[in-house]
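K.L.:
Chain residues, written in single-letter form:
2 protein chains.
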Amino acid sequence: MSRLGDRLREILGSDKVVTDPIIIELYSREATGLNADTLPEALVFAESAADVSKLLAFAYRYGIPVYPQGSTSSLSGSALPSGGVVLSLERMRRIKEVNVVDGVAVAEPGVRIDDLNIELARYGYMFPVDPASSSVATVGGAVNTGAGGLRGAKYGTMRDWVLGLEVVLPDEEGTVMRIGCRTVKCRQGYDLVRLIVGSEGTLAVVTEATLRIAPLPEAAVTLLAFFDDLQGLLDTVVEIRSEGVQPLIMEFMERRTVEQAAGFLGWHGKLRGHMLLVSVDVNREAASRVLAWLERVARGNGAGLVYTARSLEEAEKKGLFQLRRSLFPAQVELSRRLLGSERVQVYVEDIAVPPSRLAEAVERLLELEEKYRLPMMLGGHIGDGNLHPAVGFDPGDPEARRRVWTWFHDVMRLAVELGGTVSAEHGIGVLKKEGLRMELEALGSLKALEIMKAIKRVFDPKGILNPGKVV
Amino acid sequence: MSRLGDRLREILGSDKVVTDPIIIELYSREATGLNADTLPEALVFAESAADVSKLLAFAYRYGIPVYPQGSTSSLSGSALPSGGVVLSLERMRRIKEVNVVDGVAVAEPGVRIDDLNIELARYGYMFPVDPASSSVATVGGAVNTGAGGLRGAKYGTMRDWVLGLEVVLPDEEGTVMRIGCRTVKCRQGYDLVRLIVGSEGTLAVVTEATLRIAPLPEAAVTLLAFFDDLQGLLDTVVEIRSEGVQPLIMEFMERRTVEQAAGFLGWHGKLRGHMLLVSVDVNREAASRVLAWLERVARGNGAGLVYTARSLEEAEKKGLFQLRRSLFPAQVELSRRLLGSERVQVYVEDIAVPPSRLAEAVERLLELEEKYRLPMMLGGHIGDGNLHPAVGFDPGDPEARRRVWTWFHDVMRLAVELGGTVSAEHGIGVLKKEGLRMELEALGSLKALEIMKAIKRVFDPKGILNPGKVV
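Top line first, the protein sequences correspond to chains E and R.
Residues in the first sequence are numbered consecutively from 1, following UniProt numbering.
Residues in the second sequence are numbered consecutively from 1, following UniProt numbering.
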């Protein structure tokens, strides 16, 4: 039993500290497939801000790295420890309050996004940030990643939905600090709340979040359409936006990805062309008119197959979202088949380009696929220009790993060249530090990196909180 | 002619530098009625980021304070110079781009919000942040104030609508830095964009903003209702929100303010009770149903007089917004009458409390009015808990000034005690520095002030940019 473990047990109580390396190893992995290079010495399960405060004050005193962790569904390596202490917040999972009059929910960091939404649905409300991992992703993780999701084009990302935070600082006292407000309007000096949002656990540990909530839409109509010609699909998007319609959901899948995913679903040969999936929220009286208009626009721009639904329930019943949802599992299956192995890893990229540059982005991604011989599946949130090209490879093959790494680098460069960003919603972590530098350099803004490093020192003078991430 | 003026002319060209004290004095006042204690030595009209860069590099070298300025419609003293150089951005007023497909507008800081909206309306779009001063308020000023407006409950504030910025830093080179993205999703390390938003010109000078834009609503219905009983009005608000309706506009005026404002409009005796003004955006087919429902909810909670309109045009034609708009001019007239003088100053406070505490807030504001014998008009944005109590006084009467100051202090304390904020949308400037400290102290978060001061030093090591404001 480690001496560090003993000290932590004295400070926090033995039921909150684990030193068994087999368990610690489970908390040293990420959805990226990355593992800790050095196993942490201890795993702490905090149950309150006071626990976190005691831990951080202790860690500050002895210069011990602390790695805060949500559900480790990060795709950028931001939750990966290297020695030190892993701080799990999974026991802090109370929804403390839902208040429809104030339009807020107050939640601890370990609350899962889906569980929050189940609770909010009882009030006719929702939390509109919906990362694909929402069944496991936690409030704390989403705050720290600055997460987005399917509904990003309409509702934005976490930064738009966090009103206030309780955080603990990695300083001598383990200072507990409440920042922000319970109201949407809040001019509390510099915006420290949004500095913490997206900081990937490198500035402070979030122990409570006051979140803005939104009413569930009264109704929503859905169109699923397929285009032989990518330009026709993009023209449809342009026409929808030019009419001043802001869809809830507007998703894209590239034609070959559609065929693979359809095959995966057992719909062989039934679907053909690039997929466009659009849901628009409406008052119920307007459902027919808006749906007919969507169909007219799609067909006018060359859509062949078109499916529609007058409500979200009908869309679910008809399976209109299934194709889009199968993107990741279909990629896993495709990779297994191509590599002839069960042991595959799928890497999902996360760039955004201005929607007006999407055609170019798709074309160049297809060129890169060919160049690197990496079978790619390609889909994304077309409303906000967020593309998720995904490739599968054998994690045991060093040559394949290198090839993926170079591909990954070229994808980020492509995003920067098209005026986009290397990370739309997955964060920087360890995997995209080089990409962040590339992006800021292209903007002529390397000074911003210096400023970020200085801000890191202001919050975390000893550099003990999630070291090695972001900056 | 000052030596500083000569040097600035050499650096920037003589057409961009003014040293005439009469003109400088015009740029040393604020909508608060505050004046500079020490007149600036020079006034610079920048025409580009390069001009700003030259000025800041020069100012850094010689430690000269620089006060960036929009339209000086600030209500917190954030645009007030004290010696040094005033930097006016009014010549940088180009709308560089509107792109509906990407959902963005790119504007220079001197563009007025109303002018931006006139341009956007041509595309069926709008910029949804609508401060009451939007006819003069500029994009740069709104970014720096973190401005809100009538539509705040639905659309939030500036921090939700700024995607990217070009800023100039007060450092040796006058570094020009582009930060943020052209897409809604953007995970560019720490969120420096939102650190600048609301920083009141103390961290960097904004020279361009990439703004997110929103489609104009297809239709909107409006209800104007009057309640004898404040609780009935608040119950109406609760019922609307419990049904999951998020109004575009939800405004409140206290009963005596209603009578005064009605008198001001020549509608003596025609209106009675507390005012609730609600506009809800709808698909056009739903207008009748939603409007009938709104009226039913209001009457069910005791509304007496009720007026309705099925479109924003009809609401304008019927004058449904006039009462709310007359709040400020009616206060000016009331103060003139009560004080028997043309020379009055009206001070508009700006607190927010959680909407669930509004009844208490109104009651306590009425007690304060009595205590300080300061005739108050009271209205605000009830959807987001933002109240604007306004008092008038004779600026030449030092006793009245002191009384207003103490009242002002008590109003801020009340907001903090009810779990609200001392500044909802007007900012900290010089007037609310003490209030900011009070609020953070109540949260147990004075450490946040230290962090803000350290961040100020990171951006502005010599403390030359808008010194004395915020922190």
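Honestly, I wouldn't trust all of these hints.
Residues from chain R shown here face chain E by an in silico Cβ test under 8 Å; the list is partial [unchecked claim]:
#1 ILE118
#2 ALA121
#3 GLY152
#4 ASP160
#5 THR175
#6 THR183
#7 GLN188
#8 ARG194
#9 SER356
#10 ASP384
#11 GLY427
#12 VAL430
#13 VAL470
Because the hints were derived from the structure by calculation, they are not lab data.
Owing to the predicted nature of the structure, the values given are computational and were not obtained by experimental measurement.
Idealized CB from N, CA, C, for every residue including glycine.
K.L.:
Now look at each hint and say whether the structure bears it out.
P.N.:
Verification of the hints:
1. The closest approach between the C-beta of ILE118 of chain R and any C-beta of chain E is roughly 16 Å, which is over the 8 Å cut-off, so the hint fails.
2. Because the beta carbon of ALA121 of chain R sits about 11 Å from the nearest beta carbon in chain E, more than 8 Å, this interface hint is broken.
3. Using the Cβ-Cβ criterion of 8 Å, the hint placing GLY152 of chain R at the interface with chain E is satisfied: the shortest such distance is roughly 5 Å.
4. Because the beta carbon of ASP160 of chain R sits about 5 Å from the nearest beta carbon in chain E, less than 8 Å, this interface hint is met.
5. A hinted interface residue such as THR175 of chain R counts as satisfied when its beta carbon comes closer than 8 Å to some beta carbon of chain E; here the least separation is about 5 Å, so the hint holds.
6. Interface restraint check for THR183 of chain R: the shortest CB-CB distance to chain E comes to about 4 Å, inside 8 Å, so the restraint holds.
7. A cut of 8 Å between beta carbons decides the hint on GLN188 of chain R: the least distance to chain E is about 6 Å, and the hint holds.
8. About 4 Å separates the beta-carbon of ARG194 of chain R from the nearest beta-carbon of chain E, less than 8 Å, and the hint is met.
9. Hint status for SER356 of chain R relative to chain E: holds, with the closest Cβ pair at about 5 Å, below 8 Å.
10. Taken as an interface hint, ASP384 of chain R checks out: its beta carbon lies about 5 Å from the nearest beta carbon of chain E, inside 8 Å.
11. Checking GLY427 of chain R against chain E by beta carbon gives a least distance of about 5 Å; that is within 8 Å, so the hint holds.
12. This hint is violated: VAL430 of chain R has a C-beta 13 Å from the nearest C-beta of chain E, more than the 8 Å allowed.
13. Residue-level restraint check for VAL470 of chain R holds (minimum Cβ-Cβ distance to chain E is 5 Å; threshold 8 Å).
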